[in-house]
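The task is simple: from the sequences and hints, build the whole structure.
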Amino acid sequence: MGSRWMVLAGLVAAGLIATGCGSSGGSGSPSSTSSAQSGSSAASGSALKTANVGGTTVLTNAQGFTLYWFAPDTSTSSNCNGSCASFWPPVKGPATAGAGVTGTLGTITRSDGSMQATYNGHPLYTYKLDSAPGMATGNGITASGGVWHEVTVSGAAPSSGSSSSSSSGGGGGGYGY
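Quick note, the sequence shown lines up with residues 4 to 180 if you use my numbering.
Derived from the structure by calculation, the hints contain no laboratory data. Where a beta carbon is used, it is the ideal one built from N, C-alpha and C, also for glycine. Among the clues, some could well be false.
Subject to a maximum C-alpha distance of 25 Å in a straight line, what follows is the list of computed SDA-like cross-link-like pairs (lysine to any residue) [as the list claims (entries may be wrong)]:
hint: 1; residue 1: Lys131; residue 2: Thr99
hint: 2; residue 1: Lys52; residue 2: Ser117
hint: 3; residue 1: Lys131; residue 2: Ser157
hint: 4; residue 1: Lys131; residue 2: Val150
hint: 5; residue 1: Lys131; residue 2: Gly57
hint: 6; residue 1: Lys131; residue 2: Thr110
hint: 7; residue 1: Lys131; residue 2: Gly48
hint: 8; residue 1: Lys131; residue 2: Thr155
hint: 9; residue 1: Lys52; residue 2: Leu108
hint: 10; residue 1: Lys52; residue 2: Gly103
Beta-carbon label-pair distances, calculated as ranges [as the list claims (entries may be wrong)]:
hint: 11; residue 1: Thr105; residue 2: Gln66; range: 14 to 22 Å
hint: 12; residue 1: Thr112; residue 2: Asn55; range: 27 to 35 Å
hint: 13; residue 1: Ser78; residue 2: Ala135; range: 29 to 37 Å
hint: 14; residue 1: Gly58; residue 2: Thr79; range: 27 to 35 Å
hint: 15; residue 1: Ala74; residue 2: Thr107; range: 14 to 22 Å
hint: 16; residue 1: Ser114; residue 2: Gly58; range: 34 to 42 Å
hint: 17; residue 1: Gly67; residue 2: Thr105; range: 13 to 21 Å
hint: 18; residue 1: Gly116; residue 2: Pro136; range: 24 to 32 Å
hint: 19; residue 1: Gly137; residue 2: Gly116; range: 26 to 34 Å
hint: 20; residue 1: Ala102; residue 2: Thr145; range: 31 to 39 Å
hint: 21; residue 1: Ser134; residue 2: Gly58; range: 15 to 23 Å
hint: 22; residue 1: Lys131; residue 2: Ala74; range: 12 to 20 Å
hint: 23; residue 1: Ala135; residue 2: Ser114; range: 28 to 36 Å
Next comes the structure, spelled out in structure tokens:
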């Protein structure tokens with residue numbers, strides 16, 4: 004039980020830190036910051052696959068880490084740059100579809116000139132605090148000026164507020180947000 008509180012405390016701290024990076028401008032203008040760097044991990048493209056995480060079929064990278072989308076992004080631009088991108092590393096584009104990946108893959112050009120993979124029009128990210136495949140600790144976090152969502156295979160956005168999807172499995176996995 005103690006490790007759950009440490010994870011929650013880490014998420015709160017990361018959310019507070021990441022929130023600070025999203026406070027410049029904010030109204031859709033592409034703010035190109037000099038501190039924006041390309042992620043140091045990742046090759047020239049990304050292989051995507053699916054996995055069952057917490058009872059939901061989500062998109063993952065080749066290593067099995069859950070992929071996320073950021074509500075303030077558009078189909079042509081990312082609104083997560085600078086220190087935000089250090090917590091939410093962009094998935095390098097172009098991406099290739101593995102088993103179960105049925106949506107539309109594409110790319111956008113980030114403010115630093117690098118290519119980022121998209122799925123059904125959403126720029127894709129991983130989350131720094133997901134320390135192992137199969138985790139989705141970034142799902143539902145509000146940070147950097149918006150909400151982060153795990154990418155479901157359908158690509159559908161969750162309903163605002165509470166999730167209306169029925170939970171199969173019943174016995175746990177609640178994160179206690």
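Hint-by-hint comparison with the structure:
1. Lys131 / Thr99: holds (22 Å)
2. Lys52 / Ser117: Roughly 22 Å between the alpha carbons, so the hint for lysine 52 and serine 117 holds.
3. Lys131 / Ser157: Answer holds: lysine 131 to serine 157 is near 24 Å, not above 25 Å.
4. Lys131 / Val150: Roughly 16 Å between the alpha carbons, so the hint for lysine 131 and valine 150 holds.
5. Lys131 / Gly57: Holds: lysine 131 and glycine 57 sit about 19 Å apart, inside 25 Å.
6. Lys131 / Thr110: holds (21 Å)
7. Lys131 / Gly48: holds (19 Å)
8. Lys131 / Thr155: holds (19 Å)
9. Lys52 / Leu108: Since the Cα atoms of lysine 52 and leucine 108 sit roughly 12 Å apart, the hinted pair holds (cutoff 25 Å).
10. Lys52 / Gly103: It holds: about 6 Å lies between the C-alpha atoms, which stays within 25 Å.
11. Thr105 / Gln66: 14 to 22 Å: holds (21 Å)
12. Thr112 / Asn55: 27 to 35 Å: Given range 27 to 35 Å: holds, Cβ gap about 33 Å.
13. Ser78 / Ala135: 29 to 37 Å: holds (31 Å)
14. Gly58 / Thr79: 27 to 35 Å: Distance hint for glycine 58, threonine 79 holds at roughly 32 Å.
15. Ala74 / Thr107: 14 to 22 Å: With Cβ atoms ~19 Å apart, the hint holds.
16. Ser114 / Gly58: 34 to 42 Å: holds (36 Å)
17. Gly67 / Thr105: 13 to 21 Å: holds (18 Å)
18. Gly116 / Pro136: 24 to 32 Å: holds (30 Å)
19. Gly137 / Gly116: 26 to 34 Å: Between glycine 137 and glycine 116, where Cβ atoms are some 33 Å apart, the hint holds.
20. Ala102 / Thr145: 31 to 39 Å: holds (32 Å)
21. Ser134 / Gly58: 15 to 23 Å: holds (20 Å)
22. Lys131 / Ala74: 12 to 20 Å: The hinted range 12 to 20 Å holds for lysine 131 and alanine 74, with Cβ atoms some 19 Å apart.
23. Ala135 / Ser114: 28 to 36 Å: Holds, since alanine 135 and serine 114 (Cβ atoms, about 30 Å apart) stay within the stated range.
Checked against the numbered hints given earlier, the structure satisfies every one of them.
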